[in-house]
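> Given the coordinates of chain A, assemble chains B and C onto it according to the supplied hints.
Residue numbers (the working numbering), protein chains in the order written: chain A, 1 to 335; chain B, 1 to 508; chain C, 1 to 339.
Simulated from the structure, these hints should not be mistaken for laboratory data. Everything hinted at is true.
Pair ranges (Cβ atoms, derived):
(1) C:G264 to B:P138: 43 to 49 Å
(2) C:W189 to A:N44: 55 to 61 Å
(3) C:V309 to B:K329: 51 to 57 Å
(4) C:V324 to B:K329: 35 to 41 Å
(5) A:S198 to B:E62: 51 to 57 Å
(6) A:T155 to B:K329: 51 to 57 Å
(7) C:I263 to A:T155: 16 to 22 Å
(8) A:G319 to C:W189: 38 to 44 Å
(9) C:I263 to A:S198: 39 to 45 Å
(10) C:A16 to B:R140: 21 to 27 Å
Glycine included, every Cβ here is placed at the ideal spot set by N, Cα and C.
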Amino acid sequence: MLNTFNSSIVKKAVSKKNVMNYISFMAIFILVLVFTAMDSSFVNKANLKNLLSDTAPLMIMAAGMTFVILLASIDLSTGAICSVANVLVVKFLSIFSEKLGNIYLAALLSFVLALVFGAFAGLIIGLLSAKLKMPSFIASLGLMSVWKSVALLITAAPISIPKKSWGAISWFNINFGVIGFPLILAVLLIGFFFVLQSRTVFGKSVMAVGGNERAARMAGMNVNMTKILAFVLNGVCAAAGGIFLAAKLKSSAPTVGDSFTLLVVAAVVLGGTALSGGKGNLLGTILGVFTVSIIRNGMNIVGVDVFWQNIVFGLVILGAIAITTDRSARSLVIK
Amino acid sequence: MEKKLLFKASNISKIFAGTRALKGVDLEVYEGEVVGLIGENGAGKSTLLKIIIGVQPQSGGEMTMFEKPYEPRTPRDANSAGIGMVFQEQSLIVNLTVGQNVFFGHEKDFRQFGFVNWGKMYKATETALANVSCSHIPARKKVLDLNFATRQMVEIAKVVNLTRSSGHEHCLILLDEPTSVLNETEVQQLFVEIRKLTAQGHSIVFVSHRLDEILSISDRVYVYKDGENAGNMPTADATEERLYEMMVGHSTTTEYYKLDQQRKPEPDVVLDVRGLGLKGVFKNVSFELHKGEILGIVGVVGSGKEDICSVICGDEHPSFGELYVKGEKRRYFSPAQALRDGVLMIPKERMEEGIISGLSINDNIALSNIRLLRSGPFLSTKKMVKQTQDWIKRLRIKTIGKDELLASLSGGNQQKVVFARALCSQSDILILNHPTRGVDVGAKEEIYGLIREMVKQGKSVILLGDTLDECISMSNRVIVMCDGLVTGVFDAPVENKPSQVSVVSLMM
Amino acid sequence: MAASTNAHITITDEFAAKIKAENTKARITRIAPMLVLLALVLFFSALRTNVFLSIGNLSAILNQLAIPLLIAMGLTFVIMLGCIDLSIDGSVGMAGSLMSLLVLNTKNGNHLGMLGVVLAILASVVIGAIIGFIYVKLKIPSFMVSFSFMYICMGIAMLSYGGIPATITDSFLIEVPKIAFFGIPVITWVAVFMFLVAYFIQEYTAFGRYIYAVGTDENIPRMAGVNVNRVKILVFSFAGLCFGIAGVLGGIRLGQGQMQIGIGTMFPAQAAVVVGGTALSGGKGGMLNTLIGVLIITVLDNGLLLMSVNPYIKTGIQGLIILVAVALTVTRSNKIIMK
Chain A
1 MLNTFNSSIV KKAVSKKNVM NYISFMAIFI LVLVFTAMDS SFVNKANLKN LLSDTAPLMI
61 MAAGMTFVIL LASIDLSTGA ICSVANVLVV KFLSIFSEKL GNIYLAALLS FVLALVFGAF
121 AGLIIGLLSA KLKMPSFIAS LGLMSVWKSV ALLITAAPIS IPKKSWGAIS WFNINFGVIG
181 FPLILAVLLI GFFFVLQSRT VFGKSVMAVG GNERAARMAG MNVNMTKILA FVLNGVCAAA
241 GGIFLAAKLK SSAPTVGDSF TLLVVAAVVL GGTALSGGKG NLLGTILGVF TVSIIRNGMN
301 IVGVDVFWQN IVFGLVILGA IAITTDRSAR SLVIK
Chain B
1 MEKKLLFKAS NISKIFAGTR ALKGVDLEVY EGEVVGLIGE NGAGKSTLLK IIIGVQPQSG
61 GEMTMFEKPY EPRTPRDANS AGIGMVFQEQ SLIVNLTVGQ NVFFGHEKDF RQFGFVNWGK
121 MYKATETALA NVSCSHIPAR KKVLDLNFAT RQMVEIAKVV NLTRSSGHEH CLILLDEPTS
181 VLNETEVQQL FVEIRKLTAQ GHSIVFVSHR LDEILSISDR VYVYKDGENA GNMPTADATE
241 ERLYEMMVGH STTTEYYKLD QQRKPEPDVV LDVRGLGLKG VFKNVSFELH KGEILGIVGV
301 VGSGKEDICS VICGDEHPSF GELYVKGEKR RYFSPAQALR DGVLMIPKER MEEGIISGLS
361 INDNIALSNI RLLRSGPFLS TKKMVKQTQD WIKRLRIKTI GKDELLASLS GGNQQKVVFA
421 RALCSQSDIL ILNHPTRGVD VGAKEEIYGL IREMVKQGKS VILLGDTLDE CISMSNRVIV
481 MCDGLVTGVF DAPVENKPSQ VSVVSLMM
Chain C
1 MAASTNAHIT ITDEFAAKIK AENTKARITR IAPMLVLLAL VLFFSALRTN VFLSIGNLSA
61 ILNQLAIPLL IAMGLTFVIM LGCIDLSIDG SVGMAGSLMS LLVLNTKNGN HLGMLGVVLA
121 ILASVVIGAI IGFIYVKLKI PSFMVSFSFM YICMGIAMLS YGGIPATITD SFLIEVPKIA
181 FFGIPVITWV AVFMFLVAYF IQEYTAFGRY IYAVGTDENI PRMAGVNVNR VKILVFSFAG
241 LCFGIAGVLG GIRLGQGQMQ IGIGTMFPAQ AAVVVGGTAL SGGKGGMLNT LIGVLIITVL
301 DNGLLLMSVN PYIKTGIQGL IILVAVALTV TRSNKIIMK
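One chain only, chain A, in its complex shape (with noise of 0.2 Å):
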């Protein structure tokens, strides 16, 4: 009798954790099922590859952001600093081009410097969220509006990548079949990121803060570190995330991350990670991010009004949310 006892616990345990996991993974399976049976040109070569390769900026964003939200917070900018970042790329990439010669130099440094610019806006809300005590949610609102500022008065109108450069970001279109290089690479930071999640000291760290950061600080962990250390990985992510959106699109837009942050959201979210913290992985988030690339590519393909994309990312993550959120924190007052 304690044997059942033991494994009806287990599976308690288990089935709870999973069950957003489940349905992502049902989700896929009936989605793709549907959009086939639809539009049959939703599976052939050309398609598949389109998908993937749009995955691949989503991909690598939700990685930062899935750290975020375990911490039981939030980074509502991610798409504003991915914009900037966009811009910064093109820009700095037309000026080294110039000075340095070699656009390959040209493009590193450019790169470099997008990233650089992420990490620095993750560490502002970082700062802001450990050491003045702001609510995630209001100060990465606030760094929004400035970074959208930032990206419209570094240009107002798209710049295209001159073709002479277009050799910088051929590693963008390496593809190995279907399957491109950067949703490779973005795999693999995934799987780096669920490695530090689980085998770091960092990784505990954020599990803990997530899950009660009060406890967590009484046991002497550091928790402004881990908050800041996180908000600047995400930055960096959402950096990451506008580079691949330049190299894919040859060209920069100021509001091309706009809409990613939604999308971002609703991945984590889809991918099991409770907005209240504590729970989930990033190899959910995989699962999430397909998921929202099948939806998004699917209803392109079936034809279906690219304005009922917002209604169903809305309502998809409300939904989400309400599944995955542990209801059992009965003393805490909800805001």
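Chains B and C in isolation, oriented as in the chain A frame:
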């Protein structure tokens, strides 16, 4: 003149998730009298009051009001029945005015054409304030602008008004530690008001840890101990000594607290507290903690003992004074900094501050020493698992495995996990804040043994005990705090433990 | 015993002194916004005296603040609760778009006139109520629910006119932006009227008092028998009402119904509410604070425009204002967890 029975509670019991807070207490209140209610922490006074005012239901027993059955489901029910309470925590809304607070929730009595006639309400407020001799308080002033003593009087005016509007001629008013924010003069003013109320036939239940106040204002005194009646008597027959004796429990067996394992501390001073103070909470606290010593701190709610611990462990920043840890002067801004010097606290509120219920035993035990479990840049799963399994065995933690989430463990086992974490953390100055709270008897005994073991290994402990008995029996020395000051220090060697009575007298 | 009683008095006095110091700080925070407004007015008057203080410019400021004021007042009650509503951009745009399709327009045969206006506003009210409901019943933080609904409303707006906005051809509605009483356009009067309504609700109804109570500590009103959930849902519904009115007025002013009416309206409103002194933590502030806040934001906008500052900077500055205002008013305690 025969006084009529106003309120009666019989055989009230209350069980919270396994612990019996009240084991069958009685209370009788007659019209026009002040009943004092005293007892140690955990005696059940606040629990009973909350039951009477309808915040929580009793698990057993009955209550009557005006000799009719009384079963409130909400505080509003209690108010309608003629019972009101001034809680220990302020329940005024500071950005609203006095009048708006007094009539909060009852605005519809002043409603005209859909909006509230504040003018009418303020007039009624002035009457309510006059009834408790507080006409000097402006009814239209924001509570924010009042001092605490005035706020307290507003609370009392509000409660008196509420109960009287119930239409009953005589009402029952419960006051839970009403004098904690008042100075001498203000306390006397409060007493004058109380006597006026009783002269009109209303009754008061007065809970306070200050025996001198109880003896001064009450007509009869009830003493509760460990959730049970310890006796009651007319105040005229009571003396402080008698009351102290009734309040404390009998000392439990020496084996329970492993007295035979109590050792003499070494002479080295590991922690030196000088003139520590936290504005408005405690002041002028100085003591030394020696290596291998268990130093107990006792005091009632509001004594400041828990805040001292918060300051020492780094959670709060002191306003005055100095802290020397192992000879070095220190200022801590976070528990992480304190941990680096080997100072760690096991917090009182296990669920809110002690454990991370969504994580496994494995993860919880590693919280404090995570940096030591690295091998290279990554964590060594092997080291972590070994550590966890070691401690599960050593502390006999009842679990199905190291990956079980803390949420499914019992209170006692959760506490063992917290202890395991503290012991792995390589801290040697441990502050144990109510370490046996909410833990079953068997686990308690194991924890006592654990504490004795810890000091044997050269660690030093500051102990805030769950009961007075526990603290005195476990400690080498006991510091007594009352209202933010140290009122006494007792040596507590095995052969000559101070009596609970003598300690309690300094706590109040 | 005497010695300890003496020192005990000192601790109580220390405590009282601490409370007094906090109150003084609160008092300073109360007048700070007005000083900021004064400073701004003086600054711009000095820099562009003739233009800034001209009747034309001052009346332009008065008109410019109508719609932001409407939005900010709806948001104020939400923030007084300690919550937030990020759905503004979507809700406002949706109301404007729906209205333009319900009244006489170039895209379909509807001719509902004022009924159409009312229905469009109702849509925003319903959205507000749903946001409040989901927040209360599903216990999802208000920022997340409202954030999702911003996109949902944007989607509804865009779907309704399918990419090509409808132009209003209703003769009455076309005239409305040109009507003025005592030199002030109707649209501004509507904002003034709603402001008075909101102020009235805040000061003269029990509901208004309950908002303060719930924002301070929701257990207190709950124990006093107030239906806290109902208060919350009503507050979000009222916010929806204000956003809806702002949306339809925006559409009437533009002559067209499109999502753009709402885009960018959230930041000035958030900035206005926090800079006016209504704290994010809830329980304090109010309509008058918001009025000052909206004045500050509008004067700032106007001044920057007169100084030919790049218009893209506007949003960034509003963002900075939000950050600074919140940073100054947030509680620094380690024991209360804000996420």
